[in-house]
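Peer 1: The listed protein sequences correspond, in order, to chains A and B. For the first sequence, our numbering begins at 1079 and goes up steadily by one. For the second sequence, our numbering begins at 1079 and goes up steadily by one.
In short, the hints are calculated from the structure, not lab data. Heads up, a few of these hints could be off.
Which copy is meant is left open, so a pair is good if it fits within one copy or across any two.
Below, simulated DSS-like cross-link-like pairs (lysine-lysine); rule was C-alpha separation at most 25 Å, straight line [to be verified]:
hint	residue 1	residue 2
1	1295	1511
2	1333	1276
3	1090	1127
4	1127	1202
Number of protein chains: 2
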Amino acid sequence: MDIEQFRKEGYKAIDAICEYYAGLEQRPVVAQVEPGYLSKLVPNEVPEKGEPFPSIAADFQRLILPGITSWQHPSFFAYFPSNATFEGMLADLYASSVTNPGFNWACSPACTELESVVMDWAAKMLGLDEAFLVQSGVGGGVIQTSASDSALVAIVAARSAFLHAHPNVSPSDLLIYGTSQTHSLGAKAALILGLNFKALEVYPTYQYGLRGSTLQKAILEDRQKGKHPFVLIATLGTTSTGAIDCMPEIGPIAKEAGLWMHVDAAWAGITLSCPEYREKAYLKDINLHADSFCTNFHKWGLTNFDLSALWVRSRTKLTDALDVTPAFLRTKQSDAGMVIDYRNWQLSLGRKFRSIKLWFVLRSYGVEGLRAHIRKSVALATHFADFVQESSIFELCTPQSFALAVFRLAPKDVETPLTQDQLNGLNRTLFHKIAARSDITITQTDVLGMFCLRLAVGAQRTEERHIRRAWEIISTAGVEVWADYQAGKPVPVENGTH
Amino acid sequence: MDIEQFRKEGYKAIDAICEYYAGLEQRPVVAQVEPGYLSKLVPNEVPEKGEPFPSIAADFQRLILPGITSWQHPSFFAYFPSNATFEGMLADLYASSVTNPGFNWACSPACTELESVVMDWAAKMLGLDEAFLVQSGVGGGVIQTSASDSALVAIVAARSAFLHAHPNVSPSDLLIYGTSQTHSLGAKAALILGLNFKALEVYPTYQYGLRGSTLQKAILEDRQKGKHPFVLIATLGTTSTGAIDCMPEIGPIAKEAGLWMHVDAAWAGITLSCPEYREKAYLKDINLHADSFCTNFHKWGLTNFDLSALWVRSRTKLTDALDVTPAFLRTKQSDAGMVIDYRNWQLSLGRKFRSIKLWFVLRSYGVEGLRAHIRKSVALATHFADFVQESSIFELCTPQSFALAVFRLAPKDVETPLTQDQLNGLNRTLFHKIAARSDITITQTDVLGMFCLRLAVGAQRTEERHIRRAWEIISTAGVEVWADYQAGKPVPVENGTH
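Please put together the full structure from these sequences, using the hints given.
Peer 2: Here it is in C-alpha cells:
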C-alpha cells in the first residue's frame, strides 16, 4: 500500500468507525456468534499472493464486527467498563504510525519523556503524594499493560527488597497477602512467581473490606509458623462488590510489619480525580502508607485499552529488582543517569508508545470532563440502586460502591424465608434469563456463597433512559422468575455461569 | 468529540501520517533532542478545561515528532528493525475502535477466534510442526507483548511441569540455561522468578552458537552439584551477532535430560517463511525438539509493535501453570471446553485485540510479499557485507547472519598487528563518529571482549542506494579514524556507549 492508497483506505476506515458508532445503540450488545464461528468462514492458510485491501477491510465488517461484544454500547453493564474514546483512537493511530519498541530513552525520547509528563499529570490529578511523582526524583509512574502486570511488578520489587533486607529467608516461606475478594491477579502473581498467596478473611459487617485486626492476627500467626508475609495487595474497589479495604487500619500495620502495601485500584482509582470521593477512597492513608498504587485508565478513565498506571514510592526498588542492562542496550544518557529507561520499570524489554493516548485524553477532556464522566456514572448507578431498594422483590447485596450495584432477587414479606440455596437458585435462573438477551449485558458474582448480579455503569454513552430500560428488563424478569417459583416450577440447580 | 468531529480529525490524522511518510527520508533518523526537552515545553498539570482537539493534534507534530527516532527511515540500521506498515496502522485503528479487554472468549469472540486462526496461518507459513497448531487441539499459538513475555511464559510453564514431575526439588536448585549470547530476557526472567540463570559458554569457532558438548557437560556438572537445569533458552539469531544455537545437537540432549527447550527466534524466526533458510535455521530440529517457539512479527515481520508470536507444543502445560479462574470470570463456553481463554496462556488478565494486525498484514502481503521483504533485506545486508570484505581496513567479525552484518575497523597489512585493546579503541572512536550523525544510525556490540559495529537491515523502505550511502559514511569515517591513529592522535579509552 503506497501513501495515496493509505490516505484513501484511512479515510474509509475513519468513515467505517463513524458508521459503527452512529449505529451502536441499534447493535446487539453481546456478540451473537457460536464458538468456532470464524474458522468456518476464513481460509485455512495465509494466501500466497497479497489481496487488495478493500476486501480485507470489508471482511472486518463482515466477519469480525459480528463477533465483537460492544463494550461501548450504552447498555453494557458487565464486568467493569472498558472505555474507548475517539481521542484515544486517534492517539493509538498516531502511536502506531511511529511504531518503535520503546525499550530505552534513545529508542524515541518522546515516548519516555511524555510518559513521565503524563504520569505526573495523572498523579497530581488523583491527588497522589508528591513522592509518587517522577519529578520527585525518588518515586515515579510507569505505564503497564494491565493491573495484573502492575501488581506483578510491585510484588517482584517487594520480594527483592525484602530478601535484600532478610537474606536468610527462604522464598518458600514468603507470603503474599490479599483477601478472599482480591482480584485473581494476586493468586496469579503467586503462581507465576512460585510463591504462596494467602487470602485473608473479610466480612459482610465491613462490606468485604479488610480490617486491621484481621491483618494483625494473620501476621502474628504466620510469623509464629515461620512464614514471612512481605507484601499486601490492598484493594480500592474489588471486582466482585467494589469493596474497599480499610486503609487507615491496615496501612500502619503493614508499614510497622515491613510489608510492601500495593494498592490495586484498577477500577475505582480514577474516582480520586473527584475531591468528594477522596475520603471514602482513603486517599490520605494511601498517600501515607502505600508503596505502590495502580489504576487502569483503560477501564473507567476514557482511555482505550491498554493503559494501566502504576506509581511507586521508590524507583530504585523497581530497578534494583528489574535492571539487567546488557552492553548492547547501554546508552550514554542512561549511563549518566540523565534519563529513565522504562524497561527497568517493567517485566518486558519492548514497550508501546501508550502515553500519547493518556495525553490526548487528559487534554481533550480536562479534569472537568473526566470528573463529569465519573460523576455521571455514579449518579446513574445510584438511580439503579434506588430502583432496587424500592422494589419488594429485589435487594442490594452490598451498599452501592461508586458506579457498581450488586443485587439479587430476594423477595420480602414471604411466609417462609428462602434459604441461601433457594435464593441462589432463583438468581441463577434470573441471570440466565438476562444473559440470553442480546440488548443488555450484566455479570454474576459469588459473594462468600451468595449468588449475586452486578450492574456496573461507566460506558460513555449510557444515559438515564438506558438505566430505566435496564431496570425494566431485570425487574420484569425477576417478577417472572419469582412467579414461576411460587407456581412450583422447578428452579435449575446447576452452577450455571455465563 | 462527536462523530462528525472525529471524521474530520481522523482524516486530518491520516493526512498527517501521509505527510510524515512522504518526507521520511528527509528527516533525521535519530531524534535531535536532549534529555528533558519535553518537560520544558508542556504545562505542569492536566488542564482544568478540555482543549480543542486541533491544538492537541498540532502538538503531536510540534512537540512529539521531533523526539521520535524514525525506525522506518531507510537509513535506520540500529538494533533490529521494528517494522510499521500502513496495513498494520489501519488494523491498530480498527482494533482501538472496538477496544475491549479480551480476557476471555466471551469478551469479544472475534478476538479469540481470529487469534487462533492467524496463529495457525503463521505457524503453517513458517513450517512449524502441526503439533504447534491450535487446530491440533494439543499445542497452539498465542500473541504476547514481547519476546521477554513469551520467554517468561514458557519458563513459568516449564518450571511448573518440572516441579510437578519432581515435587521434592527446591526452586533454589533450579537452573535456567542460556548462553552468554542469550538476550537479556533470560537473565531478566530469572530475576523476576527468583531463579538462577546460567550462561553457557559459546565460541567463535562455532560462530557463538551453543554446541551439544557444552550443554551435555553443563548438565552433568550441575547435576553433580545437586542443581536442576529445567529449561534451555535456545536462540535462532542472537541480538549481538545473529548466532544460531546448534539445534540438531542440543535438541536431543535437552529432550533426553528433560529440559524444556524454548526457541527464542524473536528476530530471525520470520526467515522460516522462506524455504531456502529453513535448513540454516534448523527448522527440522526445532520441529522435533522445541517445546516452545517465539518470533516477533513486530520486528522484521511487517507488523506494527506489539506482536510477539509464541507457540507451545502442549497447551495444558501453559494452563496448568497459569489458570486461576475465579467465579466472576467463568463462562459457559470455557466451562464446556469449547473455547480458548487466552488469559490462561499469558501473564496478564487483560489483553489487546492484536491478531487483527497480523491478519491484515498477512493477507495484504501474502506469503510472497513477506518473503520478498525478507529476501530483499538479506540481499541488501549481503551487499554491505561485500563492501566490508572488499575493504582493506574493515573486517566482518562474524559471518553475515541473515540481514545482520557485524563488523569492525581492523586494518590489514600493518607492520605491527594491533592489540584487541587498540582495535577496541579505534572502533569506539569510529562508533562515536557515526553516532554523532543524524542521517544514519547503527549500534555497537561487545562480542566476548571485541567491540564491534552492527548494521541490521530490515526497514521496508531501505534500497540499495541507502546501503551504498551507509558504506560511504562508515568507510570514510573509518579511513579518517585510521589516519588519525597512524598520525599519532590519541584514541579515547573510555568505555563509551550510545
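Peer 1: Now tell me if each hint is right for this structure.
Peer 2: Evaluation of the provided hints:
no.: 1; hint: 1295 with 1511; result: neither (43 Å within a copy, 64 Å between copies)
no.: 2; hint: 1333 with 1276; result: within (18 Å within a copy, 36 Å between copies)
no.: 3; hint: 1090 with 1127; result: within (23 Å within a copy, 32 Å between copies)
no.: 4; hint: 1127 with 1202; result: between (52 Å within a copy, 15 Å between copies)
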